[in-house]
Amino acid sequence: MIRLFIPGEPRGEPRTRATRTMSGKVLVYHDASADRWKQQVQLAFALKRTAMLTGPVAVSMEFISKPKDPHGYYSTKKPDADNLAKAALDALTKARAWKDDAQVACLIVTKRFAQPKTGEQAGAFIEIEELPQTMDPAFPASLAGYMGRGFLRVCQ
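Numbers 1 to 156, taken from UniProt numbering, label the letters of the sequence shown in order.
Hints were generated in silico from the structure; no laboratory data involved.
Keep in mind that the hints are not guaranteed to be accurate.
Cross-link-like lysine to aspartate or glutamate pairs, in silico, DMTMM-like; alpha carbons within 25 Å at most [as the list claims (entries may be wrong)]: (1) K117 / D69; (2) K117 / D90; (3) K77 / D31; (4) K99 / D35; (5) K48 / D69; (6) K48 / E9; (7) K66 / D35; (8) K94 / E120; (9) K77 / E127; (10) K86 / E130; (11) K94 / E62; (12) K77 / E120; (13) K68 / E9; (14) K78 / D90; (15) K66 / D90; (16) K117 / D35; (17) K86 / E127; (18) K48 / E62; (19) K48 / E127; (20) K68 / E130; (21) K48 / E120; (22) K86 / E9; (23) K48 / D100; (24) K68 / D101; (25) K77 / E130.
Predicted model only: the values in this text are computed from it and were never measured.
Throw the hints in and build the complete structure from the sequences for me.
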């Protein structure tokens, strides 16, 4: 199992933007707002110095944001959980964690606020675990129990 912590405010993958120029041509451009965050994810993986994963993998991501207005534990604010996951998965692909993020067969994403009273900081916990090539008949019935060993922190 590979465990990473990436400190800092998590950033989601922005949409590609388009604008029309004065001459009427459409200009499509990349919003680079998440690039620094993705570089931090790549660096965190590179420091683990692990070999590229070749089979199916399970990934658990917990994104922790600094609360602007602390109302509750789970974040219902932007960025969306799927955009946070997309940015991290793309960064891990670029870092050669795996050949293609299509290898991610199981993905669990949580986003919540940091708990300032405990001194918790913003960032992301990412856990990656290789999955077996063959299927255990009990797998669908008990995903958390099957992968166990502390891999999954399922929302309670």
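Tested hints:
no.: 1; hint: K117 / D69; verdict: holds, 14 Å
no.: 2; hint: K117 / D90; verdict: violated, 33 Å
no.: 3; hint: K77 / D31; verdict: holds, 20 Å
no.: 4; hint: K99 / D35; verdict: holds, 20 Å
no.: 5; hint: K48 / D69; verdict: violated, 35 Å
no.: 6; hint: K48 / E9; verdict: holds, 21 Å
no.: 7; hint: K66 / D35; verdict: holds, 19 Å
no.: 8; hint: K94 / E120; verdict: violated, 29 Å
no.: 9; hint: K77 / E127; verdict: holds, 23 Å
no.: 10; hint: K86 / E130; verdict: holds, 19 Å
no.: 11; hint: K94 / E62; verdict: holds, 20 Å
no.: 12; hint: K77 / E120; verdict: holds, 19 Å
no.: 13; hint: K68 / E9; verdict: holds, 12 Å
no.: 14; hint: K78 / D90; verdict: holds, 19 Å
no.: 15; hint: K66 / D90; verdict: holds, 23 Å
no.: 16; hint: K117 / D35; verdict: violated, 30 Å
no.: 17; hint: K86 / E127; verdict: holds, 15 Å
no.: 18; hint: K48 / E62; verdict: holds, 19 Å
no.: 19; hint: K48 / E127; verdict: holds, 12 Å
no.: 20; hint: K68 / E130; verdict: violated, 36 Å
no.: 21; hint: K48 / E120; verdict: holds, 23 Å
no.: 22; hint: K86 / E9; verdict: holds, 15 Å
no.: 23; hint: K48 / D100; verdict: holds, 19 Å
no.: 24; hint: K68 / D101; verdict: violated, 32 Å
no.: 25; hint: K77 / E130; verdict: violated, 31 Å
When each numbered hint is compared with the structure, violations occur for hints 2, 5, 8, 16, 20, 24, 25.
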